[in-house]
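Novice: As they're listed, the protein sequences go chains D and U. Counting from 1, one number per residue, gives the positions in the first sequence under the working numbering. Counting from 1, one number per residue, gives the positions in the second sequence under the working numbering.
Hints were generated in silico from the structure; no laboratory data involved. Predicted, not measured: the structure shown is a model, and the values here were computed from it. The beta carbon of each residue, even a glycine, is placed where N, CA and C say it ideally should be. Mixed in with the good hints, there may be bad ones.
[Unchecked claim] Per the computed footprint, the stretches of chain U lying under chain D, defined by three or more beta-carbons under 8 angstroms from a beta-carbon of chain D, are:
{"hint": "1", "segment": "81-92"}
{"hint": "2", "segment": "160-168"}
{"hint": "3", "segment": "230-240"}
{"hint": "4", "segment": "247-254"}
There are 2 protein chains.
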Amino acid sequence: MDDMKYIESKKNDEIKQLKKLSATKNIRKTGTYMIEGFHLVREADQFDQDFVKLLVTEKYSEDRLVKKYHDIAVTVSEDVANELSETKTPQGIFAVIKVQDASDFKEFSGKWVMLDDVQDPGNVGTIVRTADAAGYDGVITSLDTADFYQPKVQRSMQGSQFHLPIYRMDINQAISLAKKSELKIYGSEVNKQAKPYTELDKTDEFALIMGNEAHGITQDVLNETDENIYIPILGQAESLNVAVAAGVLMYGLQTL
Amino acid sequence: MDDMKYIESKKNDEIKQLKKLSATKNIRKTGTYMIEGFHLVREADQFDQDFVKLLVTEKYSEDRLVKKYHDIAVTVSEDVANELSETKTPQGIFAVIKVQDASDFKEFSGKWVMLDDVQDPGNVGTIVRTADAAGYDGVITSLDTADFYQPKVQRSMQGSQFHLPIYRMDINQAISLAKKSELKIYGSEVNKQAKPYTELDKTDEFALIMGNEAHGITQDVLNETDENIYIPILGQAESLNVAVAAGVLMYGLQTL
């Protein structure tokens with residue numbers, strides 16, 4: 001469109017600021033994050049995400065989305081697109097959108113997953129994607145879990161952040177809120193003292209807690225659980241990858 | 001030990017050759033691969049892997065393993081250890097061991113997983129680790145699947161390659177061998193026409209095939225299956241990560 005702002009140089013101040021959105025601290029500071037690619041941007045729109053900015057190369061300048069978000073849309077050069085992109089061959093469409101805000105969140109219902117200091121971004125993203133697929137109602141991460149909106153987590157989430165609530169909050173606070181909402185609290189352990197997940201009576205309202213890759217769930221969180229469950233290890237592996245374990249448990253505890 | 005060979009320079013020809021073992025083509029050419037770290041090397045010994053070479057820094061020069069493998073043991077400098085290592089802080093112990101040889105493999109029994117062109121090394125390694133944990137009898141990869149022994153796959157396998165047979169072979173040949181051994185062949189699909197995995201009658205002798213991350217199982221392989229199964233998608237995700245899907249199915253089809 002003729003009257004759209006155009007940014008040619010990757011040294012432009014606005015672009016420099018946006019580039020910084022790949023870092024967690026800047027995502028937290030601004031309360032916004034960047035997504036890229038036509039499929040993801042279209043889906044963010046479909047699922048009513050809060051757009052702050054839309055950036056497109058000339059190729060997309062006549063797209064329906066540009067018309068819809070005209071007031072916050074900017075055209076950029078291929079050079080700028082390359083600068084902003086996390087991929088080698090950028091599609092040339094980016095959006096800055098607001099992170100989900102947990103401040104109004106007061107009550108749990110249904111099936112939730114809570115991550116207690118899960119470190120690997122790929123694991124966090126994959127767990128969100130699986131929670132979405134398995135029909136769970138939302139995901140909570142502890143303050144020390146890898147941040148939802150950093151590029152590596154996004155890559156594994158594949159847009160699932162638009163499909164279910166994902167909140168970062170103090171995990172002890174989340175657990176006490178979940179208890180008030182009468183959810184059962186299940187901790188996942190690599191410990192034969194715990195109950196095999198297959199023996200758990202199925203319920204519709206619970207929070208499943210997954211722990212850190214190396215250390216598992218922290219002791220003060222384990223103290224708060226109603227039941228600790230484990231996945232039987234039938235071979236000689238010492239443990240399962242946490243994202244796989246979460247998948248086995250999410251589907252295993254779901255009523256299918 | 002006094003009479004052990006010592007290599008100081010990372011420019012040594014032998015070290016240059018070993019460094020190349022991180023590339024799949026050289027693993028295939030030599031039929032050997034390198035592992036590193038005390039835990040993994042000790043486990044390889046425990047599980048009777050075929051050692052070709054053992055390399056240690058001075059720190060490990062009196063270790064029991066060095067005595068046992070004295071004829072093929074070499075001491076190396078920290079500089080060489082840094083050169084060979086895939087990690088930032090190498091422990092200073094490496095072994096070159098033979099890859100598992102499929103040429104004598106003629107008969108299947110029990111529960112197997114077959115990978116039809118799975119691309120991502122992390123997925124392949126995680127699936128091997130899960131197959132181990134879930135008590136499966138072995139893993140087959142198609143010729144175009146990411147190679148078992150490359151460093152990224154090894155990182156996710158966490159030593160499970162020592163616990164169960166893992167073979168690379170033509171997948172159609174593997175399927176026809178499995179059929180001769182009277183295993184049921186299950187294909188995993190993202191397709192509601194397939195049968196939910198929860199409705200499958202459980203059997204003790206089968207091969208579960210997982211397909212490529214983007215394209216799923218190839219059509220000529222699907223034509224050979226006894227049953228195609230899928231994991232119900234209850235939310236709005238389009239699919240599951242293949243390693244998670246494999247985990248859900250491996251545990252879901254296991255008799256627990």
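Novice: Against the earlier hints, flag every one the structure doesn't satisfy and list their numbers going up.
Specialist: 1
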